[in-house]
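S.K.: Let the sequences and hints guide you as you build the complete structure.
Those protein sequences? They're chains A and B, same order as listed. Using the numbering used here, you'd call the opening residue of the first sequence number 1 and step up by one each time. Using the numbering used here, you'd call the opening residue of the second sequence number 1 and step up by one each time.
Each hint should be verified, as a subset may be incorrect.
For chains that are exact copies, the list does not tell them apart, and a pair is met inside one copy or across any two.
Claimed, not checked - Quick list of in silico lysine-lysine cross-link-like pairs, DSSO-like style, CA-CA up to 30 Å:
#1 Lys111 - Lys151
#2 Lys66 - Lys188
#3 Lys85 - Lys188
#4 Lys86 - Lys111
#5 Lys188 - Lys151
#6 Lys66 - Lys111
What the hints contain is simulated information worked out from the structure, not anything from laboratory work. It should be emphasised that the depicted structure is a prediction, and the values quoted were computed from it without experimental measurement.
Residues per chain, in single letters:
Number of protein chains: 2
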Amino acid sequence: MTDEGILLVVSGPSGAGKGTICNALRKLHPEICYSVSATTRAPRTGEIDGVSYFFTGEQKFREMIKADAFLEYAKVYDNYYGTPKKQVLDLVAQGHTVLLEIDIQGAMQVKSKYPQGIFVYIVPPSLAELSYRLYTRDTDSKEVIRRRLEKVTDELALAHQYDYIVVNDELPDAVDKVRAIMMAERCKLARNRERINTVFKKYICEEVHHHDD
Amino acid sequence: MTDEGILLVVSGPSGAGKGTICNALRKLHPEICYSVSATTRAPRTGEIDGVSYFFTGEQKFREMIKADAFLEYAKVYDNYYGTPKKQVLDLVAQGHTVLLEIDIQGAMQVKSKYPQGIFVYIVPPSLAELSYRLYTRDTDSKEVIRRRLEKVTDELALAHQYDYIVVNDELPDAVDKVRAIMMAERCKLARNRERINTVFKKYICEEVHHHDD
Chain A
1 MTDEGILLVV SGPSGAGKGT ICNALRKLHP EICYSVSATT RAPRTGEIDG VSYFFTGEQK
61 FREMIKADAF LEYAKVYDNY YGTPKKQVLD LVAQGHTVLL EIDIQGAMQV KSKYPQGIFV
121 YIVPPSLAEL SYRLYTRDTD SKEVIRRRLE KVTDELALAH QYDYIVVNDE LPDAVDKVRA
181 IMMAERCKLA RNRERINTVF KKYICEEVHH HDD
Chain B
1 MTDEGILLVV SGPSGAGKGT ICNALRKLHP EICYSVSATT RAPRTGEIDG VSYFFTGEQK
61 FREMIKADAF LEYAKVYDNY YGTPKKQVLD LVAQGHTVLL EIDIQGAMQV KSKYPQGIFV
121 YIVPPSLAEL SYRLYTRDTD SKEVIRRRLE KVTDELALAH QYDYIVVNDE LPDAVDKVRA
181 IMMAERCKLA RNRERINTVF KKYICEEVHH HDD
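M.R.: Written out as structure tokens, the structure reads:
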């Protein structure tokens with residue numbers, strides 16, 4: 001038997017920097033597993049089914065929702081996006097670390113389905129900073145940004161549902177902290193019972209051997 | 001109000017390498033606070049009262065035991081050694097990280113007095129390795145070493161009382177893991193409630209300002 005791995009959920013308001021943090025963490029720890037999302041949107045040029053996304057018809061997606069096959073899902077404009085439950089939990093059961101980078105609503109869904117996950121809330125240092133980041137990113141309309149900023153105060157109240165909080169003042173510090181959380185969780189006693197038993201048996205055998213000498 | 005700091009208890013069987021790990025960690029994090037032990041033994045050349053130890057008469061030490069003034073204490077041969085409770089808990093209350101490097105029996109005493117502490121068990125990779133380390137350290141008699149090795153199997157069973165377990169296979173890895181545990185614990189939500197409230201207030205104020213524009 002192997003000890004369970006970790007489902008590490010990195011979440012936070014839009015623009016908190018969770019994507020950048022997760023990319024940096026993946027570079028440092030290539031053993032971290034990806035979860036491939038399912039979506040009903042059409043593939044874009046270069047996207048590969050089963051790698052970029054599982055491209056799924058809407059009918060099938062709805063069936064999967066009914067069958068409780070998602071850790072979380074959301075409808076964004078006309079398309080569904082979801083994290084297939086079995087794929088993620090199988091990897092965790094095999095002892096792997098799976099990293100999910102998702103928004104607050106998604107994280108709260110994951111928490112209701114898999115409360116053993118490790119939930120990390122990334123806080124941008126201030127709303128002014130967040131606002132600046134969203135505007136300078138220049139990928140969204142001002143109306144979208146305004147709506148997002150209004151959501152932030154509601155979302156901050158949800159921080160209390162998380163296990164850890166990381167303020168993203170300086171990116172390298174924030175990456176170091178999320179990495180520390182992952183490493184520390186791997187050292188948790190509850191996740192090392194099999195390992196302890198192995199070491200323990202090793203000690204006992206050597207102890208017996210020692211007395212035989 | 002400040003959030004509480006951390007009492008980090010690094011423990012493990014004799015020869016597991018906890019001293020080396022703690023020294024390395026202190027070099028990386030000079031903000032970590034020392035706890036000065038009390039002892040009834042006579043000062044050695046160069047030792048300074050209140051820095052190396054609090055040198056205490058046996059009468060006074062016994063009174064402190066009665067007054068529950070120690071997080072842990074032990075009698076080693078003819079001398080008492082103890083960790084003064086108030087000194088450590090005051091530092092933690094002020095938000096500091098205090099590192100205690102103690103044996104299993106001491107750690108179990110600390111746990112009974114202050115269960116909120118973070119308890120890390122350092123495991124030497126195997127009994128053979130531990131035995132080798134103890135013998136090559138060459139500071140103890142063979143009889144002392146034999147007694148220590150016999151204690152190890154009993155002590156390993158106590159690993160289950162700890163929060164984290166770190167196998168000291170490679171020193172830099174073990175240091176990195178203990179450091180990760182300290183950093184992760186500092187990011188725990190329960191230790192950042194005041195901080196969240198501050199950020200939250202900042203958001204609210206900026207949000208109001210935002211709407212005033």
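S.K.: So, for every hint listed, does it hold in this structure?
M.R.: Here is what the structure says about each hint:
1. Lys111 - Lys151: within (20 Å within a copy, 42 Å between copies)
2. Lys66 - Lys188: Neither: 35 Å inside a copy, 35 Å across copies.
3. Lys85 - Lys188: both (24 Å within a copy, 26 Å between copies)
4. Lys86 - Lys111: within (15 Å within a copy, 39 Å between copies)
5. Lys188 - Lys151: between (34 Å within a copy, 24 Å between copies)
6. Lys66 - Lys111: within (18 Å within a copy, 47 Å between copies)
Of the hints listed earlier, the one the structure fails to meet is number 2.
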